[in-house]
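K.L.:
Residues per chain are reported as follows:
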Amino acid sequence: MSHMRTFEDYLWQTTNRCPGKTAIVCGDAEMTYARLWECIQARADQLRTEGLGPGMPRAIRAGQTAGFLVEYLATHLAGGVAMPMEHDIPDERLHEWEDLAARADIPDGTADILFTTGTTGKSKGVMISHEAIVANAENLMDAQGFSPGLTFIICGPLNHIGSLSKVYPTLMCGSTLHITSGMKDLSAFFAAFDRPGGSGKFATFLVPAGLRMLMTLGGGKLEACADAIDFIETGAAPLGQSDMERLCRLLPKTRLYNTYASTETGIICTHDFNGKKCVAGCLGKPMKHSEIFITEEGTVACRGKTLMSGYVGDPELTAAVLRDGILFTRDNGAIDEEGMLRLGGRADDVINVGGFKVAPSEVEDAAMSMPDIEDCVCIPLYHPVAGQVPKLLVVTTAGSVFDKKKIARFLHEKLETYKVPAAYEETDRIHRTYNGKIDRGYYRAHAK
Amino acid sequence: MKNEIRSMLEEALPLVDFDSDFLFAELDSLGVTTILMLLAEHYDIRLDHRDATPKNLKNLDSIAALVKSKLKEQP
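Note that the protein sequences, when read in sequence, are chains A and B. If you read the first sequence in the numbering used here, its first letter stands for residue 163, the second for the next number, and so on. If you read the second sequence in the numbering used here, its first letter stands for residue 96, the second for the next number, and so on.
Watch out, some of these pointers could steer you wrong.
[As the list claims (entries may be wrong)] Mimicking DSS-like on lysine-lysine, the simulated pairs with C-alpha atoms at most 27 Å apart in a straight line are:
id	chain 1	residue 1	chain 2	residue 2
1	A	LYS567	B	LYS167
2	A	LYS567	B	LYS150
3	B	LYS153	A	LYS567
4	A	LYS447	A	LYS383
5	B	LYS153	A	LYS566
6	A	LYS383	B	LYS97
7	B	LYS97	A	LYS568
8	B	LYS150	A	LYS383
9	A	LYS383	B	LYS167
10	A	LYS383	B	LYS165
11	A	LYS450	A	LYS467
12	A	LYS363	A	LYS447
13	A	LYS566	B	LYS97
Hints listed in this document are in silico derivations from the structure and should not be mistaken for laboratory results.
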């Protein structure tokens, strides 16, 4: 691999530029750039000794800790391919992914395999190159104004592109990353603004569900912090017009970015909706390493350095979405008169739970393995915070009693927590088409 | 009140064990927000992020106590 291509090369440069500066804050602990680099190097040496070599995949359970970032970056430095997984992924599924990745043909230059849900029901391992990571970082630094004086507060899971992609520009430009354990403890989130010795200038990424939590439970405190918040980025799920306008009122001087990104495409477009063109679904113009166009079917297609290299172990699925350097998404969209992307929902049945994508068929497959269930369908249900949550309609087998807690616990053993339906209803039959497939059109038409 | 809260929260969060004495640890951010929003709406009380503490959300008894104290504060 040629010099200066990886994120770790840039991190080394930053470390030389400002070794004593705080790179990571997590809880009460702080780590300078020099210490961070020392830890990454030591762990990379250890991983090499343990047998990790170039191109070898390594699964890591993601946590909201500096330790996870050290593991992740050391894997890269040792030449391995990092596979950050949900912290609560069942062991069986983790081992399945490890086995698949170990057998798969992983292209040279692959840095990560990130996991996401697609339309087909199975989770997919998305291969991301070192080049894509650097391009994502440069897109964000250029378009959103990351600066050395900034503290970026991480609130979302670090195995998800939304939060992981902010690690890169933050550490590349020498700012400080403040990792919180999420939005569960909003007081801890707000405490990040009051850290002694803090920069006084903050930014964060929040999915729309997180923003709604902040506005609903912490609106007053958010307003009090307004002058210190340089920018907030959101994405991964639609943000409603009323939420956008409320945020603009609460934070009149803050840049508020709505971003078009996905694990497969990388970070593509972004738009500051505070002050001008505050329109739901407007995602702005492509960033420096990206291009977009709309296909004849009206869906969004992307080109550029941030795109994935493919799905691990699934060349057929890769070919179905990635052809001639163009990634074809299932997002419906249009480009307006100013060249800005306008998104109009998805052309599939994926349920978006606060930015986490859930394929109904994956939930249904898991539910159908329960002896008590004769038939079922998973549909989206409106949720005031998450936007959508999965709901399972169930036909029980003869003699079985409908017990939603039992079903939920059964599913939790097979699926990540966010995929487990939040609501259950017993029904007489599941509507199917003439060839036996679930009639999703019927359920869309009757959605509440 | 405790049974009323239990039935309301179990309906919304079927995965959560409301008999637990470590309820806060079992909840994610969506769970915490859902509980506070449901209680605020049902009992017409004001709840914010300062109420989302491990002590207040330790178990069903502490949640009921939180609601009672908020109801007392109401004009």
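K.L.:
So, for every hint listed, does it hold in this structure?
P.N.:
The hints, checked one at a time:
Distance restraint check for A/LYS567 and B/LYS167: the Cα-Cα separation of roughly 34 Å exceeds the 27 Å cut-off, and the hinted pair is therefore not satisfied. A hinted pair counts as satisfied when its Cα atoms are at most 27 Å apart, and A/LYS567 with B/LYS150 qualifies at roughly 26 Å. Taking the CA atoms of B/LYS153 and A/LYS567, the gap is about 21 Å. The hint holds against a cut of 27 Å. Straight-line distance between C-alpha atoms of A/LYS447 and A/LYS383 comes to about 32 Å, which puts the hinted pair past the 27 Å bound.
For the hint linking B/LYS153 to A/LYS566, the alpha-carbon distance of about 24 Å falls within 27 Å, and the restraint holds. Pair hint A/LYS383 plus B/LYS97 does not hold up; C-alpha atoms about 30 Å apart against a cutoff of 27 Å. A distance of roughly 22 Å separates the Cα atoms of B/LYS97 and A/LYS568; the hinted pair therefore holds under the 27 Å criterion. Between B/LYS150 and A/LYS383 the alpha-carbon distance is near 21 Å, which keeps this suggested pair within the 27 Å criterion.
Between A/LYS383 and B/LYS167 the alpha-carbon distance is near 24 Å, which keeps this suggested pair within the 27 Å criterion. A hinted pair counts as satisfied when its Cα atoms are at most 27 Å apart, and A/LYS383 with B/LYS165 qualifies at roughly 20 Å. Under the criterion of a C-alpha separation no larger than 27 Å, the hint pairing A/LYS450 with A/LYS467 is consistent with the structure, at around 10 Å. Our distance criterion of 27 Å between C-alpha atoms is met by A/LYS363 and A/LYS447, whose separation comes to about 26 Å.
Among the hinted pairs, A/LYS566 with B/LYS97 is consistent with the structure: their alpha-carbon atoms are about 21 Å apart, no more than 27 Å.
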